[in-house]
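Peer 1: Spelled out, the chains give:
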Amino acid sequence: MSIKDDLYYSEDHEWVREEEDYLVIGVTDFAQEELGDIVFVELPEVEEEFDKDDSFGVLESVKAVSDTFIPVSGRIIEVNEALLDNPELINDDPYGEGWLIKVEPADDSELDELLSAEEYAEFIEEE
Amino acid sequence: MKKTPLNQIHKDMGAKMTDFGGWEMPVEYTGIIEEHKAVRNQCGIFDVSHMGEILVSGENSAKSLQKIITNDLQKLEPGKIIYTPICKPDGGIVDDLLVYCLKEDSYLLVVNASNIEKDFKWVKEQLLEKTKADNLSAEYAMLALQGPESKKILTQLTDIDLNSLDYYRFREAKVAGVEMIISRTGYTGELGYELYFEREAAEKIWNELLEAGSDFGIQACGLGARDTLRLEKTYALYGNDIDEETNPYEAGLSWTVVLNKGDFIGREKLVEIEKNCCQRKLTPFKIIGRGMARHGYEVYAEGEKIGEVTSGSYSPTLEQGIGLAYLEQEYTDVGTEIEIKVRRRKLKAEVVKGPFV
Chain A
1 MSIKDDLYYS EDHEWVREEE DYLVIGVTDF AQEELGDIVF VELPEVEEEF
51 DKDDSFGVLE SVKAVSDTFI PVSGRIIEVN EALLDNPELI NDDPYGEGWL
101 IKVEPADDSE LDELLSAEEY AEFIEEE
Chain B
128 MKKTPLNQIH KDMGAKMTDF GGWEMPVEYT GIIEEHKAVR NQCGIFDVSH
178 MGEILVSGEN SAKSLQKIIT NDLQKLEPGK IIYTPICKPD GGIVDDLLVY
228 CLKEDSYLLV VNASNIEKDF KWVKEQLLEK TKADNLSAEY AMLALQGPES
278 KKILTQLTDI DLNSLDYYRF REAKVAGVEM IISRTGYTGE LGYELYFERE
328 AAEKIWNELL EAGSDFGIQA CGLGARDTLR LEKTYALYGN DIDEETNPYE
378 AGLSWTVVLN KGDFIGREKL VEIEKNCCQR KLTPFKIIGR GMARHGYEVY
428 AEGEKIGEVT SGSYSPTLEQ GIGLAYLEQE YTDVGTEIEI KVRRRKLKAE
478 VVKGPFV
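Chains as they are written, first to last, in the working numbering: chain A, 1 to 127; chain B, 128 to 484.
Don't take every hint at face value.
As the list claims (entries may be wrong) - Every beta carbon over 10 angstroms from chain B, so not counted as near; a handful from chain A, in silico:
id: 1; residue: Ile3
id: 2; residue: Asp5
id: 3; residue: Asp12
id: 4; residue: Asp54
id: 5; residue: Glu78
id: 6; residue: Gly96
id: 7; residue: Lys102
id: 8; residue: Ser109
id: 9; residue: Asp112
id: 10; residue: Ser116
Stated by the list, open to error - Below are the DSBU-like pairs computed for lysine-lysine, each with C-alpha atoms no more than 35 angstroms apart in a straight line:
id: 11; chain 1: A; residue 1: Lys102; chain 2: B; residue 2: Lys143
id: 12; chain 1: B; residue 1: Lys468; chain 2: A; residue 2: Lys52
id: 13; chain 1: A; residue 1: Lys4; chain 2: B; residue 2: Lys164
id: 14; chain 1: B; residue 1: Lys138; chain 2: A; residue 2: Lys4
id: 15; chain 1: B; residue 1: Lys143; chain 2: A; residue 2: Lys52
id: 16; chain 1: A; residue 1: Lys102; chain 2: B; residue 2: Lys413
id: 17; chain 1: B; residue 1: Lys388; chain 2: B; residue 2: Lys245
The hints are simulated quantities; they were obtained by calculation from the structure and are not laboratory data.
All C-beta atoms, glycine included, are put in the ideal place defined by N, C-alpha and C.
Extracted from the complex, chain B is given alone in its bound form (with noise of 0.2 angstroms):
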C-alpha cells in the first residue's frame, strides 16, 4: 500500500488505518463524531497527501486545459481556483477537480488520490504542443485545516494576512519558514485552508498546527470525518456519487458546465444531456426514524425500485441518516416520500432540499 509522509505519526498517534483507493490512510484518531464536531465547532486537521498534483505548463497549457474542462478556464488568472469536471465524449465524469492559476501558461491540477494515473495519462493525450504535464504526486504533502478556527491558528504560523484571502483563491506564503501555497478550500463546508508543501516537510508542519491548535481545540481528523462532513453539505465524492457512468447534470454539477466557452471533451453529449435533463437526479434524503443507508441500497416509492443510494451515513450534526440516492426524476421533488432497502426492512425517508447542514 502507498503511504503518506505522516503514514508513522497517524500510527503513533493510534489513528485506526484502512486501505482507500490503494493508500493507507487514518480513518479516525478518537471518534469520527468527535472528529466531525470538532471541524464544525473548532479545527479539524486533515492528511491529505494522497491527493494527487499535475503540472501542466508551458505555451499552450490553457488551451489545452479549455479543451480538456467542462469549466471555464477563463473564470481563471494567477492566485484563482476553479473546481471542475473532466468527461468523456459521452459526457461520463473522468474525474473532478480543481485547477490553481499558478502563473500564465501554469497550471496545478489537484485531482482524486484514485485517478491520479488515470488522469495523468488523460491529460498527457490531449496536451497541444509546446505544453507538457508533469505527475508531481509524489513530491507534494497536503494538508486541509478546516474549522471556524483554522484562520486564527495558521495566522501564527504566516506573515501574510489571511483575511485578504477569499474563497477559491490562494497565496505562495510561508508557514512556520516552509514555502507554500495556502489555499482557502476544503471539502467541509467550513472556513479553511489546503496546504501544498514538499513532503519532507510533513512532520514538522502537522506538530506546528497542532502545536498552534492547541489553544483552540484542534483535532486530528481521519478519512470518516472527511466523509460524513462532505455529506452534510452534499458534495459529492469521485467514486461513490460521480464516475464515468455519470454525467455532471445528473450529478447536480450543471453550474461547472460552461457549454458556450468553445469546443471541449463532451461537449456535444453534454449539449443533448442538458436538453433533456435528466432522467434520474442526485438527491439528498433522510431517514425518518432510526437506521442508516449504505452505498448501494435500492430505493423504492410505490412499491417500485426507483433508484440507489450512492453516499449513506449518519449525520453527526443532525444526529439522523443522510444520504445521497440517483433518483428517478419524478420522484425528486422535497417532500417525496421514499423507502430505502436495508437488509430485509425497508426504511421510510425523505426527499430533502440539501446540504443538510
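Next comes chain A alone, as it looks inside the complex (with noise of 0.2 angstroms):
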C-alpha cells in the first residue's frame, strides 16, 4: 500500500495535489484496496460548486458503494471522463491515471486543514 509524500489526505481517503491555479482530488491507494474491483463510477458536472465534505460522486466496486466527499470547497473545473469507460484505472493507478476531479478552491487555507502523508499513515494506522 503506498502513500505519496507530496499529497495532503483527508479522513474520507480521499488526496489533494496542489496545481498552480488548481487542485487534483482523488482516492487513495488504501481505499481503492479496501473497495476491491471499482466497476461504475458517478462523477460530477464540470462548473458544479461544493463545500468541503460534500459528497461529489460514487464509486462501485463489486461488493459495494462508496460516497467520495470533496475535502476542500471549490468548483469543478475538470473530471477524468476516462474513468466513466475504465473505472479500473483507480485501481491500477489511483494517484495517476486514476484521479477524480480538478477544482478551483473556493479557500486556500483549507488545505492547511487536510493530513500530511505522515498524519495519514498514522491514520490508517489506527482505523
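The two chains are supplied separately, each in an independent frame; assemble them into the complex guided by the hints.
Peer 2: Right, dumping it as C-alpha cells:
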C-alpha cells in the first residue's frame, strides 16, 4: 500500500495535489484496496460547486458502494472522463491516471486542515 | 466469530475477510473479477467449510425426510444427490439444501451456514421413531473445486475415474490419501466438485489442490466471486432471494416441488399456491448502460413500484449490472422495460431470460 509524500489527505481517504491554479483530487491506494474492483463511477458536472465534505461522486465496486467526499470547497473545472469507461484505472493507478476531479478551490486555507502523508499513514494505522 | 479450519491460511494468503452469517470468511484474495474469470476459464478453489452437514439415519429416515422436503426422495439411491427446499406449513422456505443418499437409511443434508441450528432443530422435530439426526457441521471441512480444469486437477490426486462421476452424483474415495466424499456439484454453473472430509485434513487438502492446480491456473476464490458466479447462473441465494417469506413457485423452483409424492410439510398450501401462481416472480434483469442494482433497491414501471431487487451485482462476464428481483407477474415478460431506483436516480433495466451466462 502506497502513500505519496507530496499530497494532502483527508480522513475520508481522498488525496489532494496542488497544481498552480487548481487542485487535483482522487482516492488513496488504501481506499481502492478496501473497495476492491471498481466497476462504475459517478462524477459531478463541470462547473458544479461543492462545500468541503460534500459528497461529489460515487465509486461502485463489485461488493460495495462508496460516496466520495470533497476535502476542500470549490468549483469543478474538470472530471476524469476516462474513468467512465475504464473505472479500473482507480485500482491500477489511484494517484495518477485514476484521479477523479480538478477543482478551483474557494479557500486555500482549507488545505492546511488536511493531513500530511505522515499523519495519514498514522490515521489508517489506527483505523 | 466462527472460523473454518483454513482461517489462518486465508489471512496468510492476504484475503480480505468478512462476517458472513457469523463466520469469518474470505471475500476475495486477488480481486473478485480475477477470481470469477479463473472459475469460468480455468479453476477456482473455495473454502466452504461454513456450510452445515446434518446426518439423518435410522429405519424411518427416508419416510421422515420425504415428509420434510418438497422434492421427491424416491429419485435418490446410494451415490445420488438431490436439491430441495424444505418448507413451513405456509409454503415459506425454511432452507434450500442438498440431500446425499449415503446408503439405505442414511442421508446427509448439506445446508446453508446461517441456517444450521434452525434446520437441525426443524429436522429433529419432524423425525419419526427409530430415526435420528446428528449435526456433523463442526466435523466436516468442505472445499469446492470449480471450473473447466477442475477434473484434470482432481484426477491427479485421486484414484477413481472422474469421467464416470455424473452431475449430482458422488463417490467415497481418497484424495491425497484422505477419505472423502467427492461430489459432482457446485454453485458456479461450471464443471466442478465439492469435497467433504475430516476437518483436520483441511490444510493438507487445500495445499495439495493448489499445488496440483498450479499448472492449470488454479485460483483461490472468496465469497465475492462465489456470489457473482451464482448470480450469472441465476441460482437463488438463501437470505437474499429466498427465505421464509417466499415460496418455491414464485422463486422459480417449481421443479423442486413434487406435489404428487404423498404428504409433506407445506403441501396443502403449495397446492393452492401452484394453482394461483404467482402474483410475483423472481425475475432476472440487466441494467441498460452503466450502474448496478443492489439487494433491497425498489423497481418501478410506468411510475409505479412493481417490486424489489433481491440480488444485484456486476457481471464480470457480461461487464454490466445484472440482478434478480421479485416483480409483479405482468412485468415479468422478457424484454419488459423497468426502472431501478438507485440513490437519487432511476436506472433503466430490462427483463431478460436467465441464466445470464
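Peer 1: State for each hint whether it applies.
Peer 2: Structure-based check of all given hints:
Every CB of chain B is more than 10 angstroms from the CB of isoleucine 3 of chain A (nearest about 19 angstroms), matching its label as outside the interface. Distance check for aspartate 5 of chain A against chain B: the nearest CB is about 25 angstroms away, which clears 10 angstroms, and the non-interface claim stands. Listed as a non-interface residue, aspartate 12 of chain A keeps its Cβ farther than 10 angstroms from every Cβ of chain B; the least gap is roughly 18 angstroms. No Cβ of chain B comes within 10 angstroms of the Cβ of aspartate 54 of chain A; the nearest lies about 14 angstroms off, and the non-interface call holds.
The claim that glutamate 78 of chain A lies off the interface holds: its Cβ sits roughly 20 angstroms from the closest Cβ of chain B, which is beyond the 10 angstroms cut-off. Listed as a non-interface residue, glycine 96 of chain A keeps its Cβ farther than 10 angstroms from every Cβ of chain B; the least gap is roughly 19 angstroms. Residue placement check: lysine 102 of chain A keeps its beta carbon more than 10 angstroms from all beta carbons of chain B (closest about 22 angstroms). Distance to chain B confirms serine 109 of chain A as a non-interface residue, since its nearest Cβ pair spans about 32 angstroms, more than 10 angstroms.
The claim that aspartate 112 of chain A lies off the interface holds: its Cβ sits roughly 33 angstroms from the closest Cβ of chain B, which is beyond the 10 angstroms cut-off. Listed as a non-interface residue, serine 116 of chain A keeps its Cβ farther than 10 angstroms from every Cβ of chain B; the least gap is roughly 28 angstroms. Restraint check for lysine 102 of chain A and lysine 143 of chain B: satisfied, since their Cα atoms lie roughly 32 angstroms apart, inside the 35 angstroms limit. Restraint check for lysine 468 of chain B and lysine 52 of chain A: satisfied, since their Cα atoms lie roughly 27 angstroms apart, inside the 35 angstroms limit.
Taking the CA atoms of lysine 4 of chain A and lysine 164 of chain B, the gap is about 32 angstroms. The hint holds against a cut of 35 angstroms. Of the supplied pair hints, the one linking lysine 138 of chain B and lysine 4 of chain A holds, its CA atoms being roughly 27 angstroms apart against a limit of 35 angstroms. At most 35 angstroms may separate the alpha-carbon atoms for a hinted pair to count; lysine 143 of chain B and lysine 52 of chain A meet this at roughly 31 angstroms. For the proposed pair lysine 102 of chain A and lysine 413 of chain B, the alpha carbon gap of about 33 angstroms is at most 35 angstroms, so the pair holds.
Restraint check: the Cα-Cα separation between lysine 388 of chain B and lysine 245 of chain B comes to about 25 angstroms, which is no more than 35 angstroms; the hinted pair holds.
Checked against the numbered hints given earlier, this structure breaks none of them.
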